[in-house]
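Go ahead and model the full structure; you've got the sequences and the hints to work with.
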Amino acid sequence: MTQPVLHLRLDGFEGPLDLLLDLARAQKVDLEKISIIALVDQFLAVLEQARRVRLELAADWLVMAAWLAWLKSRLLVPPDPEEEVDAEALAAALTDRLAELERMRLAAAWLAGRDQLGREVFARGAAEQLRVEDRSGIHADLPALLQAYAAARRRALARRPYTPKHRKLWTVQDALARLGRLIGALPDWAVLHRFLPDGLTDPVERRAALASTLIAALETARGGAIELQQERAFGPILLRRAAPSEAIPDVRAA
Amino acid sequence: MSEPPDPQPAPDALPEADPALFAHALRIAEALIFASDRPIQPARLQQALPPDVDARAVITSLLATTAGRPVELVEVAGGFAFRTAADLAPAITKVVEVPRRLPRVAMETLAIIAYHQPVTRAEIEEIRGASLSQTTLEALLESGLIAPRGRKEVPGRPSLWGTTPRFLEQFGLKALTDLPRREELVSEPAPQLSA
Amino acid sequence: MSEPPDPQPAPDALPEADPALFAHALRIAEALIFASDRPIQPARLQQALPPDVDARAVITSLLATTAGRPVELVEVAGGFAFRTAADLAPAITKVVEVPRRLPRVAMETLAIIAYHQPVTRAEIEEIRGASLSQTTLEALLESGLIAPRGRKEVPGRPSLWGTTPRFLEQFGLKALTDLPRREELVSEPAPQLSA
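Residue numbers (the UniProt record's numbering), protein chains in the order written: chain A, 1 to 254; chain B, 1 to 195; chain C, 1 to 195.
It cannot be assumed that every hint is accurate.
Residues from chain A shown here face chain C by an in silico Cβ test under 8 Å; the list is partial [to be verified]:
#1 Met104
#2 Leu111
#3 Arg119
With a cut-off of at most 25 Å between alpha-carbon atoms, the simulated SDA-like pairs for lysine to any residue come out as follows [stated by the list, open to error]:
#4 B/Lys94 / A/Glu133
#5 B/Lys152 / B/Ala130
#6 B/Lys174 / A/Lys168
#7 B/Lys174 / A/Leu146
#8 A/Lys168 / A/Arg206
#9 C/Lys94 / B/Thr60
#10 B/Lys94 / A/Arg135
#11 B/Lys94 / B/Thr60
#12 B/Lys94 / C/Ala122
#13 B/Lys94 / C/Arg149
Since the hints were made in silico from the structure, they are not lab data.
Just so we're clear, the structure is a prediction, and the values are computed from it rather than from any experiment.
Cβ coordinates follow ideal geometry from the N, Cα and C atoms, glycine included.
Quick look at the structure:
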């Protein structure tokens, strides 16, 4: 992360803490015993030197320099019990930070000094596959089987060619014949529906039969064999055998 | 072993090679072949060996000493590699069950066989309304879910197919009668299908 | 590759385990560990062994017989693996490609992660007193030496980082406890750090 602006002695330092650690090391082996004040002076001196060559310094260096200068001033004046910040504690914290960085440096060096896999020691280059896949099992359950059956059948049925349903329509001829047969046994008025053939469930066929029967009834009435009557619009159509003597009264058909 | 004469030999050394040097070469060869991600060719091994030791000779020696060991040197395409002995494979391999999913066609065919058995292939095709490949039938046969049930006494005497006990096991059925009735699954227009 | 244990033992062998069985177990163990490029845990080995043979005993025996061999059994990352002897590295690296060393920054970052895990990037930067480039973190991540370990429940929920089993393997550590204790990390008299 070293900025290109950091030349001279700052070159190669990874930030202010790095430089501080280096300076502290030069002072003492034991970081706990370093002189913070001396350290601050040395740090500022190095920075000053660097600034003479290059004016720009990364902000974190300047922040550290300012903080260290402040720390030094606090350390030089006698401790003030009213003071909120304890300069000694801050100095100790700085020492701790330096010590931790030092420890991590040593840990890194310790790691780097170990025989590393792929460098000093080697593992099996071409591992053998120890896993054998048994694919004989089948992943399928009963619902899936039933769904498959239903799907296959539905598809097969849908694919059949379309054949229109054959309709057996009750023709007027049929109706005339049926009417002629039934009319003789008719004692009194009867509704037209009763003359429909039996077993007609399909609504279309039923309506067709009703129409044919009505036409047949009208035809028969015109011949004078029966009488038709409808009290009101959409009311039931009634019919009865015509009285042999009577003349044809008013025939009101639909 | 070809014999490059030892360049700085004790006067009484063997003419072939210094045994200590050869032993060291064997160590190198063993480690290198172990570490390599692909089979080692003699020429490649030679680069790692002391100049006076012949790679071929080292390999020959290593082939002999590792024969019958749990890890043997074998010649494979492209060179030499260590391989675990074949007789140990059952002990060291871990079998992992990876159940297959039946393809849709196979599943439908199986369902039709289950409901219409014994049934011929032509009948299955008619019921499915699609042709049935031989591979599908063979895959089902291989899975042990269906088996032949004799032949139908019609021209051509086609094989009849039915499900197996393995089929019942697979689908957790006690008997074929445990299957839901066909009418519960599809409303058939007319019973003209019982081919 | 150990010396072949005698498969046909003398009849006066130890009474505890059947020597032939133990010899077979040794063969299995050697092949199993050899075949894998990752450390084999004793529990995995136990599955492959005959029921009456203790995996630990087999490993102990294999450790003894392979010590000093060009390919040795070592304990690493919670398991056991074969590794080439360190003294053979110069010969091997003539032929086998060697990965680049991690830069100093990466090593330092790795050490911090190892000792402070789980740790956020900001915490690493705090300890190092310098910002951490994305490339360094990416290089460590790519090498498989570190892995995310969830997020820290602080504003921004930064990722936490920790080392992987691969880290242990890379540096030949049995476990994280193999790292020197903090108190042991003291500088030798005046180590010259070139600035």
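_Numbers of the earlier hints that this structure fails to satisfy, in rising order_ = 6, 11, 12 and 13
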